[in-house]
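Asks: Each chain, written out:
2 protein chains.
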Amino acid sequence: MEPPGAGVGKAGDFDAAGEPGPPRRSPPVSVAAVLPAGGSGERLGGSTPKQFCPVLGRPLISYTVRAIERINWISDIVVVVSPENIETMKSIVRKYGHERTTIVEGGLTRHRSIFNGLKTFVKGNTFCSPLQKPEIIVIHDAVRPFVEEDILFKVVMAAKEHGAAGAIRPLVSTVIASTTDGCLDHSLDRAKYRASEMPQAFLFDKIHQAYLQCSDYDLDYGTECLHLALNYSKINAKLIEGPSDLWKVTYKWDLFAADCLIKDTISQEVCIITDIKEDAVQMGFLLHEKMRNHVKHVKDIAVSLHKNDNLQNILLGQCYSLICIKNKLSSFEEISQLVDILENTSASVLYPVVLISVYLGILENASFNSEIESLTKLAKEVKKKNILLYGLFIQYKKDNLKLQETMDSAAALITVLIRERNPAFVGQLLVA
Amino acid sequence: MEPPGAGVGKAGDFDAAGEPGPPRRSPPVSVAAVLPAGGSGERLGGSTPKQFCPVLGRPLISYTVRAIERINWISDIVVVVSPENIETMKSIVRKYGHERTTIVEGGLTRHRSIFNGLKTFVKGNTFCSPLQKPEIIVIHDAVRPFVEEDILFKVVMAAKEHGAAGAIRPLVSTVIASTTDGCLDHSLDRAKYRASEMPQAFLFDKIHQAYLQCSDYDLDYGTECLHLALNYSKINAKLIEGPSDLWKVTYKWDLFAADCLIKDTISQEVCIITDIKEDAVQMGFLLHEKMRNHVKHVKDIAVSLHKNDNLQNILLGQCYSLICIKNKLSSFEEISQLVDILENTSASVLYPVVLISVYLGILENASFNSEIESLTKLAKEVKKKNILLYGLFIQYKKDNLKLQETMDSAAALITVLIRERNPAFVGQLLVA
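In order, the protein sequences belong to chains H and E.
Remember, the numbering used here sits 82 above the position in the first sequence when you count from 1.
Remember, the numbering used here sits 82 above the position in the second sequence when you count from 1.
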């Protein structure tokens, strides 16, 4: 059900995107996670806190929770939200089927929220019956959705050895200290400093102890857990160089970027379903060739949709983009069947699924009017199920050169429909 | 020819986007600018250096140059590029009509490139006949395209008073120092430090003197001009809090974000052109009402396209999105005329211009086939001129309730076409 190698869209550099990582063993410790999500999102400029902003229709925090919950060696996920967002968070957990998730009320500051999260693992806490206390606790920001198993594994293993560990990144800008009158005092040597990022991991008892001992000033004005571990538990955390995609959604354009990255990942695999009739199969073959220039993985299924026993199994894989090729414009019965099958896989709960109904024909002979109406109607209906249905008419030309050109144009249109996943265009009949 | 208040797309917070800033007087000093653009873009992961990556088809650096050159009190713009990119940069300057721009060969490091840039203002330099030496020199990164006149004015004025000044931003992450074995040594108090950003400005003689005096180590391993000014010219630069959109395009997703921000800005103004026939005017009025829910500024022009004396003047304003409403499907003559007018304004040199040809009609009576072919053909042709032509058929319904619904759908489609500016969809005929 997940994009290959990435719970929420792999955000690495160009060549790394979407490739499945190496299989990883579980760390030999019990692990749970706390996600502080009490922020107000002031820097974003909008009224919705950034963790609840929709990306492809789903709140950002759901991507982060999903990225953690798909790692089976993390037992519990505690999400700490401000009191006014408890109900919102509950409905997110319900709607997207998040498992092993406990919602806890946050404090007024980030540190107070994390502290509340830790308390849920301790007997006699005021929030819930205590969760099983883990040896290692991971702390991760709700607004860093692109966290991979690899870095989580590394910080957990380092925390087991050193007591605490955290992901770091090189500084993008020089850091400077200012005088009291707003002038440069000194600049730091970029090579000697790092940006502290998330995830971080701690021996549970050590970080819990640090929170119990630290001052109100720490709880109110501090932000850095590694600092508390150093000051109150005398632990020099191990610093782990993390991938660039650990970046934190902070500003409006970070949401744009997250949107593009997620679309990029879930568009890397396309499934072409053709009728068993010869024309359609041949066209499917041609389209397959062309699509390979645009996306990484193209799967072909030549199948009679009326005998769909194994189609559901195939779709249970990791495919959010389907192309269905037919050689007549009129019948929507098959598309309806496909929608039913898709619904059973519940793929569209997490991501909008693109379904492109491709027709072959001769433009001069085509009569679009009634088809447009039927397509629009069906598209409107399935959009409610998060399935985005588009129509594409491919002009069938015997002339081989022109056919190549038409197929290039078809592949380009399909690629854009898949990448953009734009709900406004559903029900439109494009022509290649 | 520019989007309101923003040379390249205002990237501020939600409420600030696209609003024209207050008119500003020129600073009472002579000012020139140096843009170091020699970077290799390793962090981006691609082979093209990030400053040359296309955004809406135009290299990123062109947006930055444009942002500086539209400020009339900056006399010269020196762009410093690595030797292998001199020709690329020359062709960018030619193609996008950049004025007051001098291209200089960079050194192996950032500081050496900036130094080369400064030398162009000094007699006897090896690059060119010397440019007029300014009192104040602005240094700005080629990969920060969203720089506004306001912050440039502030750093220039502060540099005049203090000798040097630079834009700063709050730190997004905590900064930490590591021990030699990769563990946490200490973390910095986020409140006491700032990220040093660009633009920066200096008294020319002071920064030039600093570069003449500094060590080879500084030139090879340093990055911070403010640091050189402090060390070699004993100037404590004034630090100016800059807007959030000064951010530097560093990673792949920063390009996604820049793309979205620029599209967002140039889509804030829409011009509706209607035939003077009553049906079209009325539909234009309805569409105007609906579009106001989606974009900030909607201009109406009811005009006979055959008498287009004043249309060109109107289009010479700041509009990259045009909707042309007609009450028959067949005639493309008027669209061709509009394209000619658009070409004369040369708006499409800097940004792709969206032109949506809207037809009114009754779906049952329509025959699309020949129209689709003509539309596709014309669209293909004008795409070469960076004009993106789309067709939209609005079903005319007498029933008032249904008409409202249709117009809502039309406005939604138009909004998406304008915002996405997707070249793949040109020549398509959408139906609302």
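Because the hints were derived from the structure by calculation, they are not lab data.
Quick reminder that beta carbons are idealized off the backbone N, C-alpha and C, glycines included.
Keep in mind that the hints are not guaranteed to be accurate.
[What the hints assert, rightly or not] With beta-carbon atoms standing in for the labels, derived distance ranges: (1) E/252 to H/252: 13 to 23 Å; (2) E/207 to H/374: 50 to 60 Å; (3) E/481 to H/129: 45 to 55 Å; (4) H/252 to E/364: 29 to 39 Å; (5) E/481 to H/172: 49 to 59 Å.
Asks: If a hint holds in the structure, say so; if it does not, say that too.
Replies: Okay, the hints, checked on the actual structure:
{"no.": "1", "hint": "E/252 to H/252: 13 to 23 Å", "in the structure": "19 Å, holds"}
{"no.": "2", "hint": "E/207 to H/374: 50 to 60 Å", "in the structure": "52 Å, holds"}
{"no.": "3", "hint": "E/481 to H/129: 45 to 55 Å", "in the structure": "37 Å, violated"}
{"no.": "4", "hint": "H/252 to E/364: 29 to 39 Å", "in the structure": "60 Å, violated"}
{"no.": "5", "hint": "E/481 to H/172: 49 to 59 Å", "in the structure": "42 Å, violated"}
Hint violations for this structure: numbers 3, 4 and 5, all remaining hints satisfied.
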